[in-house]
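Residue numbers (the numbering used here), protein chains in the order written: chain A, 8 to 137; chain B, 8 to 137; chain C, 8 to 137; chain D, 8 to 137; chain E, 8 to 137; chain F, 8 to 137.
These are calculated hints, taken from the structure and not from any lab test. Being a predicted model, the structure only gives us computed values, none of them experimental. Treat the hints with care, as some may be off.
A pair counts as met if it fits within one copy or between any two copies, since identical chains are not told apart.
Here are the simulated EDC-like pairs of lysine to aspartate or glutamate, each with C-alpha atoms no more than 20 Å apart in a straight line [to be verified]:
hint, residue 1, residue 2
1, Lys12, Asp105
2, Lys15, Asp105
3, Lys99, Glu88
4, Lys100, Asp29
5, Lys101, Asp29
6, Lys99, Asp70
7, Lys12, Asp51
8, Lys109, Asp70
9, Lys12, Glu88
10, Lys9, Asp51
11, Lys15, Glu131
12, Lys31, Glu88
Number of protein chains: 6
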Amino acid sequence: MKIFKPIKENEAKGRVKQIFKDIKKTRNITKIPNFWRSLAHNPDTLQRTWQNLKQIMKKGALDAVTKELIYVAVSITNSCEYCTRSHTFAAKKKGATDQMIKEMIDVVGLANQNNKLVESYHVEVDKIYK
Amino acid sequence: MKIFKPIKENEAKGRVKQIFKDIKKTRNITKIPNFWRSLAHNPDTLQRTWQNLKQIMKKGALDAVTKELIYVAVSITNSCEYCTRSHTFAAKKKGATDQMIKEMIDVVGLANQNNKLVESYHVEVDKIYK
Amino acid sequence: MKIFKPIKENEAKGRVKQIFKDIKKTRNITKIPNFWRSLAHNPDTLQRTWQNLKQIMKKGALDAVTKELIYVAVSITNSCEYCTRSHTFAAKKKGATDQMIKEMIDVVGLANQNNKLVESYHVEVDKIYK
Amino acid sequence: MKIFKPIKENEAKGRVKQIFKDIKKTRNITKIPNFWRSLAHNPDTLQRTWQNLKQIMKKGALDAVTKELIYVAVSITNSCEYCTRSHTFAAKKKGATDQMIKEMIDVVGLANQNNKLVESYHVEVDKIYK
Amino acid sequence: MKIFKPIKENEAKGRVKQIFKDIKKTRNITKIPNFWRSLAHNPDTLQRTWQNLKQIMKKGALDAVTKELIYVAVSITNSCEYCTRSHTFAAKKKGATDQMIKEMIDVVGLANQNNKLVESYHVEVDKIYK
Amino acid sequence: MKIFKPIKENEAKGRVKQIFKDIKKTRNITKIPNFWRSLAHNPDTLQRTWQNLKQIMKKGALDAVTKELIYVAVSITNSCEYCTRSHTFAAKKKGATDQMIKEMIDVVGLANQNNKLVESYHVEVDKIYK
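Use the sequences and the hints to build the structure in full.
Structure below.
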């Protein structure tokens, strides 16, 4: 179906063209990834999603690499391959090493296991954690 | 049901008693949390889970705070309240500030939204990410 | 493995053949989709699933398009590509426009984000909602 | 922990106070729900989330009730009780009947069942759906 | 909200009353659990769900205990407390021992961990498994 | 990315080589599956995961086939294709019949549907189940 085919960069007009330009500059890339070309079917969605992402993923109390690793951890838990691959790529570009990624994966595996052990035994929240 | 009631500390014997001792010492706490008291119904599970956790969560290429934040991010995505509360507590004890936790939460919200936008448009993985 | 290969239409016999006929007539299609050909390995499952679907998806207080959009929203949340594609197809056949689908996607993204913000802050249910 | 306690309305200042005022006016309510009072710990998050929600949930090609029902369908699938209750409330306020809600629930149950049947049999996407 | 309050047994009429009677007889219980009393808001849903359950959960190539354990394993993975508790109860009534339940929980934990390791490394399906 | 390419068997050294040998012997196979070759990027993870799996999946109060079926049920619920395929293969190798697998699938579909009906109606846990 048409809405499932990403829009071509040279077909972008007006607001979409502007946002594509900002994405390439901010990310220091020469081609717009499929994600943004897909969202371009809906310029409001493209603009809102890009603005949200720029605001949230910039360095703050957490550095940019840590934020990307957290993003990837969520994406693995949600089984989203595109999201895992694109944000692992971003994490590495921002300085994450292979060892950091592998340790993040171990934590994700452990958390998923223990989350289910907690559910299994219906563990009540200890007072100290409230 | 009986297996859903955490074992009392003073009822712990043998291997379970030893592990409880190690948990209190390693974590610098005086009471065993409900999670470990529940796993104690199955000493093999208790020992394996505690050994896994000690191995994975210790400082490596990622520091211990970052690992706790990743653990919490997964737990939020899985809607596990106990896990979120107990590991937010651990993260703060190891040095995470409120601002760091709030930024982690923002990344988790964003990743969950964008993961679903990716699924919606069936976005194919760009070559550069493979 | 054999159970993962859809049954061919011309191999359908007895009850399965009858249900295939009903599917083609009800849906106004000429080929049985892979989903139903897979379920046909288990005639009871095929019959139960088809009867459930006919009963639930027919026009009621909600029109058929709205029901398909809700179905797709759930399938996106579950990351089921086949389900998303086949029911987006059904929604369009029943009258959904591209704009309706894009707005549904935006709601799905928003709900997934806010669901996680709610989990993050352990928000208690307000009295007015109970 | 402090970040898990909603901020009191009379403690809201500056930007947060303004947004609280806008929420009450737009929603025609007299008390700020716990969700918004929790997000207020992070004024950027509060503002972004409220703006996103206003933009996405307003009447478009889909009417406001349909959007709320889709929101609830996602929230059920994610097991988020607060989200289910608060948006079922919103749906009813905007005109949804009990019968509409019950039919939405049936679709959600069916979609969740069939999503898993699809995963079980590894059903390949039919050409017609691409 | 009214649809969230289970219907009382002595208010059940007609078809609902008949199904309640069948549930009590089949399950050998004297009180209708909250689940069925909630579904009774929608007699079609009640009837369909009860018929589906009777057909699927009866002894076949898998015995009734194994089916209940599989049901619980899915419910833990979905974080559904009611489902976990009610079907653990059913499993025990049909003969499951505490040791069987604890071993099931271990498998659930392991599978959830390994599922995420598979997603993390984007492991491709080996030919032998297709 | 390199960490997403499985390590070749003839490149395995030291501890990894030993574990690969144990996997082939224990499983009675001649080629190491992609899963273990991927984990080998991180020898600690490989060793821990293989030890956990051997300990948990061996015959106990539950037989080995039942454990594999429970593993598959979780993997379907998590939409992990690799996991579903590899452990369905394992289940069949250990004696599961096609009929057993199909019945397991029916239970998984039913549980996923009913889990969501429970969430929809916010069903409270009956006293008898606690």
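To see whether the hints hold, each was checked on the structure:
| no. | hint | verdict |
| --- | --- | --- |
| 1 | Lys12 - Asp105 | between (33 Å within a copy, 13 Å between copies) |
| 2 | Lys15 - Asp105 | between (33 Å within a copy, 18 Å between copies) |
| 3 | Lys99 - Glu88 | within (16 Å within a copy, 27 Å between copies) |
| 4 | Lys100 - Asp29 | within (18 Å within a copy, 37 Å between copies) |
| 5 | Lys101 - Asp29 | within (18 Å within a copy, 38 Å between copies) |
| 6 | Lys99 - Asp70 | both (13 Å within a copy, 17 Å between copies) |
| 7 | Lys12 - Asp51 | within (18 Å within a copy, 33 Å between copies) |
| 8 | Lys109 - Asp70 | both (19 Å within a copy, 13 Å between copies) |
| 9 | Lys12 - Glu88 | both (18 Å within a copy, 15 Å between copies) |
| 10 | Lys9 - Asp51 | within (18 Å within a copy, 35 Å between copies) |
| 11 | Lys15 - Glu131 | between (52 Å within a copy, 14 Å between copies) |
| 12 | Lys31 - Glu88 | neither (22 Å within a copy, 29 Å between copies) |
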